[in-house]
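**Q** Chain by chain, the residues:
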Amino acid sequence: MSIMTSQQALADALAIEMRRDPSVLMFGEGVATKRAELLAEFGAGRVRNTPLAEGIIAGTAVGASAFGLRPVIDLLFAPFMCFAMDELVNSAGKLRFLSGGQFSFPLVAMAMTGGGWGIGPHHNHNLEAWFAHAPGLKVVMPSTPADAKGLLAAAIRDDNPVLFFSDIGLAFASGEVPEGEHCVPLGKAALRRPGGDVSLVSYGKCVDTCLAAAETLATQGVSAEVLDLRSLKPLDEQAILASVRRTGRLVVVHEASRTCGVGAEVAALASEAAFDSLRAPPCRLTGPDAPAAASFPLEQAFAPSAAAVAAAVGRMLEGGGTVADAAAVA
Amino acid sequence: MSIMTSQQALADALAIEMRRDPSVLMFGEGVATKRAELLAEFGAGRVRNTPLAEGIIAGTAVGASAFGLRPVIDLLFAPFMCFAMDELVNSAGKLRFLSGGQFSFPLVAMAMTGGGWGIGPHHNHNLEAWFAHAPGLKVVMPSTPADAKGLLAAAIRDDNPVLFFSDIGLAFASGEVPEGEHCVPLGKAALRRPGGDVSLVSYGKCVDTCLAAAETLATQGVSAEVLDLRSLKPLDEQAILASVRRTGRLVVVHEASRTCGVGAEVAALASEAAFDSLRAPPCRLTGPDAPAAASFPLEQAFAPSAAAVAAAVGRMLEGGGTVADAAAVA
Amino acid sequence: MKIDTDYPDALALHEAMQLIRSYEERMTAIQAEGAAAGTCTAVGQEAAAVGVMAALGRDERILTNHRSAGHLLARGADPGRLMAEAMGRATGYCKGKSGSLHVSAAELGVVLTSTIVGGELSLATGVALAHKQLGLPGVVVCIFGDGAACEGVFHESLNLAAVWSLPILYVCENNQWQAFVHRRETMVGERVAEWATGYRIGSAVVDGNDVHAVRAAAAAALAEVRCSGRPFLLEAETYRLRGHFEPDDQAYVDAAELAAWRDRDPLGRSRRALLAAGHDARALAELETAVERRIDQAQAFALASPYPELAELTRDVFA
Amino acid sequence: MKIDTDYPDALALHEAMQLIRSYEERMTAIQAEGAAAGTCTAVGQEAAAVGVMAALGRDERILTNHRSAGHLLARGADPGRLMAEAMGRATGYCKGKSGSLHVSAAELGVVLTSTIVGGELSLATGVALAHKQLGLPGVVVCIFGDGAACEGVFHESLNLAAVWSLPILYVCENNQWQAFVHRRETMVGERVAEWATGYRIGSAVVDGNDVHAVRAAAAAALAEVRCSGRPFLLEAETYRLRGHFEPDDQAYVDAAELAAWRDRDPLGRSRRALLAAGHDARALAELETAVERRIDQAQAFALASPYPELAELTRDVFA
Ligand SMILES: Cc1ncc(C[n+]2csc(CCOP(=O)(O)OP(=O)(O)O)c2C)c(N)n1
Ligand SMILES: Cc1ncc(C[n+]2csc(CCOP(=O)(O)OP(=O)(O)O)c2C)c(N)n1
Ligand SMILES: [Mg+2]
Ligand SMILES: [Mg+2]
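Chains as they are written, first to last, in my numbering: chain U, 280 to 609; chain H, 280 to 609; chain Z, 115 to 433; chain S, 115 to 433.
Simulated from the structure, these hints should not be mistaken for laboratory data. For clarity, every value in this text was computed on a predicted model and none was experimentally measured. It is possible that some hints are incorrect.
Unchecked claim - Simulated pairs of lysine-lysine, BS3-like, Cα-Cα distance not exceeding 27 Å:
id: 1; chain 1: Z; residue 1: Lys246; chain 2: U; residue 2: Lys313
id: 2; chain 1: Z; residue 1: Lys116; chain 2: Z; residue 2: Lys246
id: 3; chain 1: S; residue 1: Lys246; chain 2: H; residue 2: Lys313
id: 4; chain 1: S; residue 1: Lys246; chain 2: S; residue 2: Lys116
Unchecked claim - Sample of chain Z residues facing chain U (criterion: CB under 7 Å; computed from the structure):
id: 5; residue: Gly240
id: 6; residue: Leu243
id: 7; residue: Gln247
id: 8; residue: Leu401
id: 9; residue: Val405
id: 10; residue: Phe432
id: 11; residue: Ala433
Said to hold, decoys possible - Simulated restraints on C-beta separations:
id: 12; chain 1: U; residue 1: Arg525; chain 2: S; residue 2: Glu221; range: 55 to 65 Å
id: 13; chain 1: Z; residue 1: Leu417; chain 2: U; residue 2: Pro301; range: 45 to 55 Å
id: 14; chain 1: S; residue 1: Ala220; chain 2: H; residue 2: Gly598; range: 55 to 65 Å
id: 15; chain 1: H; residue 1: Gln579; chain 2: Z; residue 2: Ala404; range: 52 to 62 Å
id: 16; chain 1: H; residue 1: Gly598; chain 2: U; residue 2: Glu455; range: 23 to 33 Å
id: 17; chain 1: U; residue 1: Glu516; chain 2: H; residue 2: Arg299; range: 47 to 57 Å
id: 18; chain 1: H; residue 1: Ser453; chain 2: Z; residue 2: Leu424; range: 24 to 34 Å
id: 19; chain 1: Z; residue 1: Ala395; chain 2: H; residue 2: Ile282; range: 54 to 64 Å
id: 20; chain 1: U; residue 1: Ala497; chain 2: S; residue 2: Asp363; range: 15 to 25 Å
Beta carbons are placed, not taken as given, at the ideal position from N, Cα and C, and that holds for glycine.
One chain only, chain U, in its complex shape (with noise of 0.2 Å):
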């Protein structure tokens, strides 16, 4: 185990896996320029800069993926994947179905998502939801630095397109990494605390909000079980299944917007298939249906705060009336 932040994780699994397997490669918009160590170890065939340009970006990668290459790309900030639609969703998403089977497009397409950077909706919008609406794509969004290398090697050994995710307001935060090679398998959540009386279900950054609720409610006699998704696709519906049945009440927290959320996903899937060990009705936590703003004390409002979910739960727990009504502000 070494410490290290999330952007290094990643750095780490890049170098491995490229150790690793020849066939892998890394391009974008300033990628050569910014990992200066990959482009020195690997040379400039491997780890190339290319013109600002989404869509050639991931389509090149679509191409290169279906005949030997592995390509990682970064298309920098989710918003500017909005020129990358086509060749992510119908190309890589559809070509393998299409084709019957005669192309698989393993390749990865790396995101930052989230506020905390202060610097407005066009390089501050989660869209995790739409990858994971539109078929043929895996998406993952870790929430520590030791998911962030290993989700990251798991993906580019998948032999499918994943679309990877990483908050913007945990790059900074270190935590425990394990050493070599490490891989996080898709599709598989992570139960971060356990706990009887609520499952607070969560990704990304909203995973350490979650956390921070649980230790608020622990002092009021309440126990939260926190459950980090990771992958929003495969969704593990298992693990949120078997938590809610646990506990009978379910709260998902994430900062994209509401509608048509990973919220509305998960909320959807335990009220269909957990009904029955429901103590009361789920709630969402989720960003407001609006552009992030720039102005900081907006964007710090975005996200739901741990006071926020843990006031939530007390309302759950009280029982009374409707929680979504009360909490959709957040």
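Fit chains H, Z and S with the ligands to the given chain U structure using the hints.
**A** Same frame as chain U, but now just chains H, Z and S with the ligands:
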């Protein structure tokens, strides 16, 4: 009233709104060719063919709408919107907020969606949930020719960007349409059939599926209510909740993929805000999380059938076990 | 499946064009009867398809678009499996999942076909990068239309191919139409090849209705790409004689323009040239009959083929 | 708010450049103290901004990008409100929602600013269409970088503007950098203006560090657009003397190249020219002091301004 198809109803609305308001104009690939009657009446300035380039078609609409025009653009088929996501999402959806309200974007972006043509997932992919998840956009999808006319007129008059999806499967279905000016307010669902035992909530061509299922169920003594959402954003939450509170049972039906679809939103909403009324777990019947094959029988099997809806309701009323699992395949 | 690269003489080229013509006319008839979904034909563009394919070697990888039956057949595709695909049958090249619009056939080197216009342009750079990086033989041939050249990804693709020196032969089939819009409504210049200059990419324009001219130009262009390792753009000037997508009454098409291009129909020209070169009219008629018989067999094969089973709905989504 | 279009003499142009320089250096200091989010400066590019703005009339509508403080200030923006915006304060041009990267100010005709690179190119055609269709006065000026020219939407925008004859003056500030990538890694040619030819769009290249040359070239280009009603592309060759986004150590920048361009710093050149023309060094120093005082006041205003209230989280989303 006169009888017309949805296609004709849309043409009717376009002509009436263009007559009414000289700032309305329409452009897109083949628009001037395919809408020769509009071209003849309103001239080449207001009815325009464009180069084959969805990004600039949408971007041009965004820019024009901020300065006195009310553009209607035809992006043809929903998957082609993948080339216009930046313009629709980052510009149309965010620039009002980002500018602190300095600009508004009264534009309509039309696209066909869904199965019925047998030409595969590069033409057939239901993406409406993406736009419901993104901020600042309205989303509508009519199920009748009258609503096609009325919602298009309302969308054109609305001061916000509206995504207007037409279900391919309904293009040639005809129905009664009010003559002259006709608006259907955005954000209002329509109760297509009242009933007391279960709420079938749907939109687009799946409304017909639900109506057919309701017929079948009626013969079995089950009274199904059919709610047609029409607007996916704003979503008529009151109508959904009122219906679920009345019947105590919810089945959401759509062709779009399951994960993070509109059905997830509706099911989550109902379980959050009408939990105490629910007498059975809510249930989603949706298209699979897969691209839509061209092959006719596969395309037919993609969207939920009336038989599947009736069967899901049957199981729900029997109360046996988890409905969702059994229904997940449909 | 054998890849067709061997077109020994003018008669072989003519036969290949005839096969495409017969295949597409049959498909429109089948479509008209309701036995297949709508489809895009390239009637009138056979010389461009056959001329290019006849210039390629076995190792070339080809990306094409929605109007691709000609490319596939000229590359050696089995008309039966192609028709089966167009009819959504399990015996088709893509198990019936693709239908007529996105047929890929890895065994023929016809790969990653997209019916998103411009898709081929966004994918070709990646295939070429793999060729270059892994030292694979063959160059990448990317066939696209004048309409695709208006999509932004055209600019991105050519620019990246130039900057990274990727071995791509871009082939623009400029058939003057982009669905229901004439090319002159979508660009100021007359030729897509003008745009290549900005990327310092070599280009050539060829009479796309003359199969020999296309073959020669494609061979020269291919040699250029092989030798320089850099992209090249070949533009074939041709015309879409039928509508965009069957059925299509072509009411929007200028009758005089259509008539002028009908006179330049590549099959008519090829036939006249063969007769002038001393070929026997009866032999040509027999060739046509033989081709029709192959198409009959193809149709019979396709019609006798089963539809995919419903489990295919969710198969092949993930590896 | 008064739109600045009146730059009577060389001193006025110099002062405008000085204002931008002082503003941006102050912003980097504020950022370094942690009192503002990261920001993009255009230090070294002041002549391009001032030269273009000095050529425009009151009715022009301007679209710009993330590196826009210079354009806004030269157009007459209040440094206080601009700084307030960059610090996310309610008194900023966009109520603090935009921050430094997407500031629009309708009252100045600086509209629809996008920090999606290429956003300005995709929106400009629409603004110009409205101008044309509704007979609004003024032409549309679209300022973008060499990086934006690599996005596909550049191709789509110029092509549509050419086909529809839209009154757009495209101004490419070619500052040799695209974030952390040098321009020469992203295109084969030396100049973005080469690409205009393919659309039959007129173009000119100007020394972007010479404010008088830029003003003259922009005035000529504008006259051309006004008179022809068609687009024109003006490329200003310049250099980004600071990093991409503060803070940035520029470790990746070639020292010799940077030094060479520092010698061509537009402010230095302007100062030398003024002195050579007989202006007094002390008067210039006083001008600089006066500008610094304006920036002090701006900073004080911004710091004293409140943050937006939390209700702004969901305000302005829908009309
Ligand atoms: C992105 C996208 N936009 C629009 C279409 C609809 N469409 C299919 S073919 C076509 C015309 C394409 O023109 P061109 O590239 O010249 O090829 P051609 O059909 O002439 O062979 C159009 C508009 C599409 N399939 N994809
Ligand atoms: C679509 C998109 N991709 C990437 C970025 C990140 N980014 C911001 S500025 C910039 C460089 C832009 O270069 P250029 O257009 O030359 O403008 P300059 O910054 O040099 O003024 C990049 C890559 C972005 N904001 N938008
Ligand atoms: Mg064409
Ligand atoms: Mg630049």
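**Q** Now tell me if each hint is right for this structure.
**A** Quick rundown of the hints versus the structure:
Restraint check for Z:Lys246 and U:Lys313: satisfied, since their Cα atoms lie roughly 24 Å apart, inside the 27 Å limit. For the proposed pair Z:Lys116 and Z:Lys246, the alpha carbon gap of about 25 Å is at most 27 Å, so the pair holds. As the CA atoms of S:Lys246 and H:Lys313 are separated by approximately 24 Å, the hinted pair is consistent with the 27 Å bound. Under the criterion of a C-alpha separation no larger than 27 Å, the hint pairing S:Lys246 with S:Lys116 is consistent with the structure, at around 25 Å.
For Z:Gly240, the shortest C-beta to C-beta distance to chain U is roughly 2 Å, which falls under 7 Å, so the interface hint holds. Satisfaction of the interface hint for Z:Leu243 is found here, the shortest Cβ-Cβ separation to chain U being roughly 5 Å, below the 7 Å cut-off. Because the smallest distance between the Cβ of Z:Gln247 and any Cβ of chain U comes to about 6 Å, under 7 Å, the interface hint for this residue holds. Given hint, Z:Leu401 at the interface with chain U, is violated; its Cβ is 33 Å from that chain's nearest Cβ, farther than 7 Å.
Checking Z:Val405 against chain U: minimum C-beta separation of about 27 Å lies over 7 Å; hint violated. Taking 7 Å as the C-beta cut-off, the interface hint given for Z:Phe432 holds, the closest approach to chain U being about 5 Å. Because the closest C-beta pair between Z:Ala433 and chain U is about 4 Å apart, less than 7 Å, the hint holds. A beta carbon spacing of about 59 Å between U:Arg525 and S:Glu221 agrees with the range 55 to 65 Å that was offered as a hint.
Taking 45 to 55 Å as the suggested C-beta distance range, the pair Z:Leu417 and U:Pro301 conforms, at roughly 48 Å. Distance hint for S:Ala220 and H:Gly598: a CB-CB separation of about 60 Å, consistent with the stated range 55 to 65 Å. For the pair H:Gln579 and Z:Ala404, the beta carbons lie near 38 Å from each other, so the given range of 52 to 62 Å is not met. For the pair H:Gly598 and U:Glu455, the supplied restraint of 23 to 33 Å is violated, since their beta-carbon distance comes to about 48 Å.
The hint said 47 to 57 Å for the Cβ distance between U:Glu516 and H:Arg299, and at roughly 51 Å that hint holds. A beta carbon spacing of about 31 Å between H:Ser453 and Z:Leu424 agrees with the range 24 to 34 Å that was offered as a hint. Judged by the Cβ atoms, the range 54 to 64 Å given for Z:Ala395 and H:Ile282 holds: they are separated by roughly 56 Å. The given range of 15 to 25 Å is broken by U:Ala497 and S:Asp363, whose C-beta atoms sit roughly 44 Å from each other.
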